[in-house]
Amino acid sequence: MSDNNADITSDKIAETQYPIDDLLSHRWSPLAFDNRPVETDKLYSILEAARWAASCFNEQPWSYIVATSDNETEFQRLLDCLVPANQEWAKNAPVLMISVAKLNFERNGNENRHAFHDVGAASANLAIQAMALGLFVHQMGGFDIDKARETYNIPSGYEAVAAIAVGYLGESESLSEKLQQREAAPRTRKPLEQFVFSQDWGQSLQLK
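Mapping of the sequence shown onto our numbering: residues 1 to 208, in sequence order.
Fair warning: there could be bad hints in the mix.
To be verified - Per label pair, the in silico range of CB-to-CB distance:
no.	residue 1	residue 2	range
1	S29	Q194	19 to 25 Å
2	G142	D200	32 to 38 Å
3	E72	G202	47 to 53 Å
4	E88	T151	15 to 21 Å
5	A85	K208	44 to 50 Å
6	Y18	E111	35 to 41 Å
Claimed, not checked - Derived BS3-like pairs (lysine-lysine); straight-line CA-CA distance at most 27 Å:
no.	residue 1	residue 2
7	K190	K178
8	K91	K178
9	K42	K102
10	K42	K12
11	K208	K190
12	K12	K178
13	K12	K190
No lab work stands behind these hints: they were computed from the structure. For glycine and all other residues, C-beta sits at the position ideal for the given N, C-alpha and C.
Sequences are here, hints too, so could you generate the full structure?
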């Protein structure tokens, strides 16, 4: 990874069943962020990565609302959309976002049942590009969807999907004791056998 001034502790590197790229194995969602500002070019780069995600019929149903800590008023507006438990730590991140999905196809007006999937794909691109630039991303479901709609005048036919914190890795000692325990918890994932199937549902893929 380039230009990464943050220490990544070994216990946060994914213990994979099969080899994956370092950008993926090192990616995790911290609670402790440094208040160091994110450089403008880096912020635009991670949004550019989101821009180039794949989407159904190339509809690109994603939008991002962005607030940076150098504008205290706008930053507080977005922070206030988060649930209190997330505000506790996200207030230290220098960048907050809300991703938004367009729910209907531009091409014909029909419901786009893939919209949330495609917004997630764009945000995954964003997160991996962030890692390449030494930044960390923490995506959250814990925010007030209705408040976000009211605060930002999100129109009908669009829905807020997730809140996102972006920044450089901070010191876990800056967190409460409870959050420090969460930060130190080992990363875990289900084994492939539990979610990769072949021939029938629940039958694990077996390749020779």
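So, going through the hints one by one against the coordinates:
no., hint, verdict
1, S29 with Q194: 19 to 25 Å, "holds, 21 Å"
2, G142 with D200: 32 to 38 Å, "holds, 36 Å"
3, E72 with G202: 47 to 53 Å, "holds, 52 Å"
4, E88 with T151: 15 to 21 Å, "holds, 20 Å"
5, A85 with K208: 44 to 50 Å, "holds, 47 Å"
6, Y18 with E111: 35 to 41 Å, "holds, 37 Å"
7, K190 with K178, "holds, 25 Å"
8, K91 with K178, "holds, 17 Å"
9, K42 with K102, "holds, 26 Å"
10, K42 with K12, "holds, 23 Å"
11, K208 with K190, "holds, 22 Å"
12, K12 with K178, "holds, 18 Å"
13, K12 with K190, "holds, 16 Å"
Comparing the model with each numbered hint stated earlier shows that all of them hold.
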